[in-house]
Amino acid sequence: MMSKRLSTPILLLYLLASLLPIYWMLNMSLKTNEEIVGVMSMWPQTLTLDNFKTIFTDPSWYSGYINSMIYVAINTVLSVGVALPAAYAFSRYSFLGDKHLFFWLLTNRMTPPAVFLLPFFQLYSTVGLMDTHLAVALAHMVFNVPLAVWILEGFMSGVPKEIDETAYIDGYSFPKFFIRIFLPLIKSGVGVTAFFCFMFSWVELLLARTLTSVDAKPIAAVMTRTVSAAGMDWGVLAAAGILTIVPGALVIWFVRHYIAKGFAMGRV
Amino acid sequence: MKTYNNRAWFLILPVLLTVAFSAILPLMTIVNYSVQDILGPTQKVFVGTEWFKDVMRDPELHEALLRQLLFSLSVLAIQIPLGILIALAMPASGWKASLSLVLIALPLLIPWNVVGTIWQIFGRGDIGLLGYAINRAGIDYNYTGDSLDAWTTVLAMDVWHWTPLVVLLCYAGLRAIPDAYYQAAKIDGASRWAVFRFIQLPKLRNVLMIAVLLRFMDSFMIYTEPFVLTGGGPGNATTFLSQYLTQKAVGQFDLGPAAAFSLIYFFIILLFCFILYNWMQRLGTGDKS
Numbered sequence: 001m002m003s004k005r006l007s008t009p010i011l012l013l014y015l016l017a018s019l020l021p022i023y024w025m026l027n028m029s030l031k032t033n034e035e036i037v038g039v040m041s042m043w044p045q046t047l048t049l050d051n052f053k054t055i056f057t058d059p060s061w062y063s064g065y066i067n068s069m070i071y072v073a074i075n076t077v078l079s080v081g082v083a084l085p086a087a088y089a090f091s092r093y094s095f096l097g098d099k100h101l102f103f104w105l106l107t108n109r110m111t112p113p114a115v116f117l118l119p120f121f122q123l124y125s126t127v128g129l130m131d132t133h134l135a136v137a138l139a140h141m142v143f144n145v146p147l148a149v150w151i152l153e154g155f156m157s158g159v160p161k162e163i164d165e166t167a168y169i170d171g172y173s174f175p176k177f178f179i180r181i182f183l184p185l186i187k188s189g190v191g192v193t194a195f196f197c198f199m200f201s202w203v204e205l206l207l208a209r210t211l212t213s214v215d216a217k218p219i220a221a222v223m224t225r226t227v228s229a230a231g232m233d234w235g236v237l238a239a240a241g242i243l244t245i246v247p248g249a250l251v252i253w254f255v256r257h258y259i260a261k262g263f264a265m266g267r268v
Numbered sequence: 001m002k003t004y005n006n007r008a009w010f011l012i013l014p015v016l017l018t019v020a021f022s023a024i025l026p027l028m029t030i031v032n033y034s035v036q037d038i039l040g041p042t043q044k045v046f047v048g049t050e051w052f053k054d055v056m057r058d059p060e061l062h063e064a065l066l067r068q069l070l071f072s073l074s075v076l077a078i079q080i081p082l083g084i085l086i087a088l089a090m091p092a093s094g095w096k097a098s099l100s101l102v103l104i105a106l107p108l109l110i111p112w113n114v115v116g117t118i119w120q121i122f123g124r125g126d127i128g129l130l131g132y133a134i135n136r137a138g139i140d141y142n143y144t145g146d147s148l149d150a151w152t153t154v155l156a157m158d159v160w161h162w163t164p165l166v167v168l169l170c171y172a173g174l175r176a177i178p179d180a181y182y183q184a185a186k187i188d189g190a191s192r193w194a195v196f197r198f199i200q201l202p203k204l205r206n207v208l209m210i211a212v213l214l215r216f217m218d219s220f221m222i223y224t225e226p227f228v229l230t231g232g233g234p235g236n237a238t239t240f241l242s243q244y245l246t247q248k249a250v251g252q253f254d255l256g257p258a259a260a261f262s263l264i265y266f267f268i269i270l271l272f273c274f275i276l277y278n279w280m281q282r283l284g285t286g287d288k289s
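These protein sequence lines are chains A and B, in that order.
The first sequence lines up with residues 1 to 268 when you count with our numbering.
The second sequence lines up with residues 1 to 289 when you count with our numbering.
The reader is advised that the hints may include incorrect statements.
[To be verified] Listed below are several chain B residues computed to face chain A (Cβ distance under 10 Å; list not exhaustive): (1) Val15; (2) Leu82; (3) Pro91; (4) Leu108.
No lab work stands behind these hints: they were computed from the structure.
All values reported here derive from a predicted model rather than from experimental measurement.
Where is the CB? At the ideal position from N, CA and C, for every residue including glycine.
Whenever a hint applies, use it, and build me the whole structure from the sequences.
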């Protein structure tokens, strides 16, 4: 490790640089528009909560948050759900083409979302999924499922195989064993995986915006549209930005103990 | 070690089905477009590899690709060493570790267009702290007008946004090193540099590999942030590959060329990741500590 004399200033300096842009947004969200555009001030001269009030009272704003939360939740549940059995198979069995399959899963994460925009649009129009939460959730699975399989596989490989064998000898069927015995053992792994699915789905905009128009419009897309329609309403924009950070910050607070552990144990 | 059992395929079936729906079908649509000239909903002409030849000769694409490579390599060159440094500087346990972990991870959880928006304001000379401070320091800075300023602002934004991921990975890797290694080093009287070079760095190889791969892939696909921040300008200074592609596909409705472009784009990423992966794996076989 580094000496305390050196490491503390480095860390503090980095944290300062890292938090300044976020502080600036918070600062703006509490100012009036005249002040934002008019003067350069380190903190609000006239403190106002109007920007936040606008968001909490206008349905076109707060429905964006609800939409985002819905598809992120669906995506997280589905991604973890399909990744669990697959990760188990990769960690416990060898089978025809297993290594190729694992690398192929990885390649799906390498496809630029921009590449998929048009085909997704057409595919989901054809099957009638356009502008639904499910469409965005399914589209986001392209990059979340491979990640979920990676992380879960690492956690599962950390569980001794003898546990499986003992359970089978005791007469457990596979589903019963998996849910009653195996899942509780990798609880923290499931938590970490869910966190990463949440994170990558929450921050993605391109696919979410393309696949929705009205009913499932994510907050990130609402931000871009409302701003252009109302001129530049910097204050409300900043307030909306601050509010998009809140759910993520809450989630990370709850899983903070597992994150580091999750990475260390996972295949990553 | 592992049991050979082909029935394991049944467990993978759900993943295969969902990924098939969300990845293989769209990919095949693109392959389909890339060899046809689409004149209307019902009118299509097979053109073979025509679009691929076109795209490969497009000078604007070459520029965008070069810009992209330069950007991704700069991202790696800055973020990886910085990430290792910060991870080393972080306390190993206690409330300080928890707090700095949460604070460091914060930029990762901000939606990408909000990231662009933050920096759009933050960098402005009149109302943004960064732009104001730099101008005050006597340096002429204007990210909307000057291509070099725009370029560095996008890079700074990406460093701010994604270094936390490298820090998290390295921090986890460091925590996984057993204490016995450090004790042995202490007995041998190893210097701090030697501990880093011969214990910590080799042990970080696995997490660094994934950090390099993830950062390379994601920076190569960067779209939303520069789009919001600079819109690709001034001129084409910050038009990266995916933005150029989206302009072509959505703006000009050139389905065929855009599809051919997409495939080439995908293969470039695949190729680089493959090379990086193999190179970094070979790198580690020398010292098996």
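- Hint by hint, which ones does this structure get wrong, listed from lowest number up? Every hint satisfied by this model.
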